[in-house]
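There are 2 protein chains.
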Amino acid sequence: MKRIYLAGLATLGVAICLGQSAAGAIEEPAYPEGYRRWTHVLTGVSDARFKRYEGMHNIYANPKAIEGYKADGAFPDGSVIVFDLFEVVDQEGATVATKRKFIDVMVKDSKRYAATGGWGYTEFLGDSRTDRAFTQDKAMVRCHACHVATPGRDSVITRFKD
Amino acid sequence: MKRIYLAGLATLGVAICLGQSAAGAIEEPAYPEGYRRWTHVLTGVSDARFKRYEGMHNIYANPKAIEGYKADGAFPDGSVIVFDLFEVVDQEGATVATKRKFIDVMVKDSKRYAATGGWGYTEFLGDSRTDRAFTQDKAMVRCHACHVATPGRDSVITRFKD
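Protein sequences appear in the order of chains C and G. Going by my numbering, the first sequence opens with residue 1, and the numbers climb by one from there. Going by my numbering, the second sequence opens with residue 1, and the numbers climb by one from there.
If you're looking for bench data, these hints aren't it; they were derived computationally from the structure. Treat each hint with caution, since some may be false.
Partner residues are not named here, just some residues of chain G that face chain C (Cβ under 7 Å, in silico) [claimed, not checked]:
no., residue
1, H40
2, V45
3, P63
4, T98
5, T135
6, Q136
What follows is a list of derived Cβ distance ranges for each label pair [as the list claims (entries may be wrong)]:
no., chain 1, residue 1, chain 2, residue 2, range
7, C, T135, G, K138, 44 to 50 Å
8, C, E67, G, K161, 44 to 50 Å
9, C, K64, G, A30, 40 to 46 Å
10, C, E27, G, V96, 29 to 35 Å
11, G, S110, C, R159, 22 to 28 Å
12, G, R153, C, D77, 24 to 30 Å
13, G, G117, C, V89, 46 to 52 Å
14, G, D162, C, P151, 18 to 24 Å
15, G, S110, C, D109, 17 to 23 Å
16, G, D90, C, D77, 49 to 55 Å
17, C, A94, G, V89, 16 to 22 Å
All of these numbers come straight from a predicted model, not from anything done at the bench. Positions of the beta carbon are idealized from the N, C-alpha and C atoms, including for glycine.
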């Protein structure tokens, strides 16, 4: 009985620690492994007026996010959308992507990211899976501000077309 | 015994008919159902110098074709690659795809399309799954001529980058 009681306390202790840790800082969205095989939503090319977003961006959505694009309401928890940005060159009239600048990631978790419309945001520089452009607090403020200010649906600016 | 013999003859008859049919005309590659969920290879934007190919093209590959892109040698039979072309507009510095112009399809079948490097070609107009731009004879001549003349590998012009 005593042993079970201690085990129960230990489990409770772990739960409390995890809770405190989560409450202390906003959790960073993970690198979206395998996103290049997800569904391609669309591509756009932006000029210097778009400042650091200048270049060609390919947008990819995981299966949950595709459900969200297809539905009329909000995107389900687990949705992940990636904005994959490249530098471009002109090759005799053809605009061609060259070097990856960064990837922006948005992850839907309505509880974890309740303060920013249910979306967590992050940005990975170049081809890195670990090198993030911003501290998590800054990423949330910057990305959320723009996503809610731009016309779209549930903070998602793009639409999917088969 | 007699019944089995007749059944055998009937099967042989069907086989001969199919063989004659295949020999009489080049088989049209089928519409690539579901290609929008295949892997996105790359996107390019071409200006008026590219004539009927002017616009934004998204290229998609099925799993067999991805094997081909990843390997050093030829693409395996069953590879299908789609070139999905759209008109574009400029929206205050952003190049955005609008209306689908056509999709070009290349299908690898080294026996069926032996005369054109193992690739069968076709083109579907707009969003149609049935309206083809060229007779099959003409599609094979036109597409093959350009694909073998353009630098690439196994008649595939593009490269895949993760």
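Structure versus earlier hints - violations, ascending order: Hints 3, 4, 5, 6, 7, 8, 9, 11, 12, 13, 14, 15 and 16 contradicted; others consistent.
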